[in-house]
Amino acid sequence: MMSLELLIPGERGEITEIRHCGGCHKHDDRHEQKNKHKHKSTITHAEEIGLRVGKRVEVLKNDGNLLLLLVDEARIAIDRKIARSIMVKGVTA
Amino acid sequence: MNNRKQIVVAVAGNPNAGKSTLINAIAGSRLHVGNWPGVTVEKKEAGFEFEGHYIRLVDLPGCYSLSPYTQEEIITRDYLVQEPPDLIVNVVDATNLERNLYLTVQLMELGIPLVMALNIYDEAESKGLRINASQMAETLGIAVIPTSAVKKSGLDDLLRTVVQVADSPEAHRPKRLNYGEDVENALEGILDHILHSHASLLDRYPVRWLLLKILEEDASVLKAANITSGSLPQQPFDHLRRAHGDDIEGLMADARYAMVAGLCREVLSRPEKRNPELTERIDRIVLNRFLGIPIFMAAMWLLFKLTFDLSAPFGEWIKDMTGGPFKRWTEVVMGTIGAPDWTVSLVNDGVIAGVGSVLVFVPVIFAMMFFITFLEGSGYMARAAFVMDRAMHAIGLHGKSFIPMLLGFGCNVAGIYATRTLENPKDKVLTALLIPLMSCGARLPVYVLFVGIFFPDNSGTVIWVLYILGMALAVLMGFLFKKTLFRGEVPMFIMELPPYRMPSFVSLCLHTWEKGKHFLIKAGTYIFAVSVLVWFLLNLPWGVENKHESYLGRAGSVIAPVFKPLGFGTWEAASSLITGVIAKEIVVGTMGEIYAPKKDDEGEKEQPTLGEDVKEIMVSFSGAGIKAVSSLFYLPIEAEKEEDTTALNEAVKGHFTPLSAFAFMAFVLLYMPCMVVVAAMRQEFGTWRWAGMAALYSTLLAWVVAFLVYQGGMLLGLGG
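Protein chains in written order, with the working numbering: chain A, 102 to 194; chain B, 59 to 778.
Because the hints were derived from the structure by calculation, they are not lab data. All residues carry an ideal CB built from backbone N, CA and C; glycine is no exception. Warning: the hint list may mix true and false statements.
Claimed, not checked - Here are the simulated distance ranges between beta carbons:
hint, chain 1, residue 1, chain 2, residue 2, range
1, B, 281, A, 110, 26 to 32 Å
2, B, 772, A, 110, 53 to 59 Å
3, A, 110, B, 713, 23 to 29 Å
4, A, 102, B, 336, 54 to 60 Å
5, B, 299, A, 110, 53 to 59 Å
6, B, 261, A, 191, 51 to 57 Å
7, B, 328, A, 102, 21 to 27 Å
8, B, 103, A, 110, 41 to 47 Å
9, B, 335, A, 191, 33 to 39 Å
10, B, 744, A, 110, 52 to 58 Å
11, A, 155, B, 329, 18 to 24 Å
12, B, 266, A, 155, 25 to 31 Å
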């Protein structure tokens, strides 16, 4: 198991875990829900857009601050920090 | 039978699922655009007849889920819960089924009859994706209609199904999805409690949905239903928490994802081997870390070139029309009805000069909106965000903030509203504060006027420099804001890059019209009113001989000294800048009025007849078209060379030098954003704080920059 960040373009992986990272905890703390200015956490957004445990992703681009992933048929760009907190296991072919 | 039933259809779907294309294809010109109450998200509606039924379509904002986090999600779910439509059409992107179905599952929880438009179906097929639509329909208990909005196929099928479902809604309730034994038990426990203590809620909300939201402890639903989480029986929750952990909201999300994944395994088959598609091949070049930014810059340059080259001849044409035949006609008409002289002057020197000098820029603005819409529709806009991400980090933002800023080039107000796509409130404010530095379409008239007079040989380049100046200052200010007001981590970037698509010409025109018409409305209302006001301010006190002595002239004289060190300390410039706060293009309108020729200057010219006038209008219009096309084969960007000597041009020439003209343009670029922008910021952030801050800092910045330009230029000996 390794972080998605480490895959090179053309490699595929299956997401096994989405870890909490600084500022992107999975679902906001329940007490915060009363806060009017609450916003969607980064991880919730990542899940809605298709990055979920069990999904297979292919890395299309991995240089610079952003990674470009192929998830199903969608191209998704994510920050390197988010990629670091997504664990994958390598998938061959 | 005689009173036909109205069918209310809500259209919901993910962003990029082709929802608005579908609605445009169905409704076309019958579309009516308004706003959702209390917010500035667009609300599109259309009503039309279909096979004896009256259908009313309500377009819901694009969203990925029905969680209560973003404005789009809240609008969608509030509408569906509070004013349940007869049915929902869920537009689903067939090329991206799994992600789209997550919203579908949540829509089904509402218990409202649902019809799925399996859109972009043709593309999915050509990609080798096989979707078993009938099996999906059966599993979910909803009708599934393959459509292609772009090719307009399947649309009649869809409408026919809509009518059928509306006729017998009970037979078309979506299936109740089973969330597993533990969740279902918990839901039953909650139902018992509701039946006992809050039975009236069952009339107000879809039952199943209400139970799910209570289980997820959805704050907004609990509040609206007047339930405190303490009053709920703890047993169902405790049981779930013991078995699955504390995060019930997360558990439910996982359950929905699992359901969607399972469904996809059954109905969707993907091709074994994927060929790198066109999008991927384009992306390899466009997103290349070395080529990306140069390509982006080239795209921007092309955008400006096309905009100016195509529109300039038409702008000239409007100018000739308003300055020539229109004025003559009003004089003739008003002369025959015996209108007093001052009213003729009000119409000619006030309304026609004021509104006319702004109308001249309608072609430029529409052309720019057209190309920006093309960039959005083709999918390149999202790539621009990707490419610019690194650069944006320097100013404490990520690449996604780049899109609102880019839209700001069309109109700052559009940019401010586009900050909504950013998740983080801090990003929104910082982005909005920088948007006024993006040179919007309304500032163009000022540049085009001055550049035409003072820099006729480098017009394109000078305008380009002004745009770059705005961007460079945005970088600088962003950096300063980041170090002072907005310290902390740069937020994170997640964004879908849609596949490249060739937007259809019709939908491009529709969207261009949507965006550009605000400018026309402004010209017809706002600028019209201001032109009249300016005319009065220039002609009062009654009978004032010299415009300098008028109210506006006096006000201009008072503040003119402030602009002295900037090289344009004249009352004329100062007065135009005062009125320019209302809308920047009014700077030109006001100058047009101030420098309007006195009646007796014109001399006796041969007055053409009406027939000659009309003929001339036609001939010169087609001439403009030919010019526009031929200019495309010409590489340098050129705003029309000014060879004619209108009174306005002559007067401006006499009052400015090239250096002070440039300082003036820089000032107009930077000083206080127009009132509409300030109002939009107030509305978006619910406080005057940021709007006031934007107005203040930009005006100071404008003064400093214009000062540096002018005084620096003088030192370098460029003053002549």
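Handout entry: Pairwise beta carbon distance, residue 335 (chain B) to residue 191 (chain A), judged against the given window 33 to 39 Å
Key = 24 Å, violated
Problem - Pairwise beta carbon distance, residue 299 (chain B) to residue 110 (chain A), judged against the given window 53 to 59 Å - result: 42 Å, violated
Handout entry: Distance restraint hint 26 to 32 Å, applied to the beta-carbon atoms of residue 281 (chain B) and residue 110 (chain A)
Key = 47 Å, violated
Handout entry: Outcome of range test on Cβ distance (residue 744 (chain B), residue 110 (chain A); 52 to 58 Å)
Key = Given about 44 Å between the Cβ atoms, the range is violated.
Handout entry: residue 103 (chain B) versus residue 110 (chain A) beta-carbon gap, inside 41 to 47 Å or not
Key = At roughly 45 Å between Cβ atoms, residue 110 (chain A) and residue 103 (chain B) fall inside 41 to 47 Å, so the hint holds.
Practice task
Using the Cβ atoms, figure out if residue 102 (chain A) sits within 54 to 60 Å of residue 336 (chain B).
Solution key: 34 Å, violated
Handout entry: Range agreement (Cβ of residue 329 (chain B) with Cβ of residue 155 (chain A), hint 18 to 24 Å)
Key = 21 Å, holds
Exercise for the section: Just tell me: holds or violated, for the beta carbon distance of residue 266 (chain B) and residue 155 (chain A) against 25 to 31 Å? Expected result: 26 Å, holds
Exercise for the section: Can you let me know if the beta-carbon spacing of residue 772 (chain B) and residue 110 (chain A) is within 53 to 59 Å? Expected result: The hinted range 53 to 59 Å holds for residue 772 (chain B) and residue 110 (chain A), with Cβ atoms some 55 Å apart.
Exercise for the section: Can you let me know if the beta-carbon spacing of residue 261 (chain B) and residue 191 (chain A) is within 51 to 57 Å? Expected result: The hint (51 to 57 Å, Cβ to Cβ) holds, given that residue 261 (chain B) and residue 191 (chain A) are roughly 54 Å apart.
Exercise for the section: Confirm or reject the claim that residue 110 (chain A) and residue 713 (chain B) have a C-beta distance inside 23 to 29 Å. Expected result: 60 Å, violated
Problem - Range hint compliance [Cβ, residue 328 (chain B) to residue 102 (chain A), 21 to 27 Å] - result: 25 Å, holds
Figure legend: structure checked against the earlier numbered hints; hints not met, in rising order: 1, 3, 4, 5, 9 and 10.
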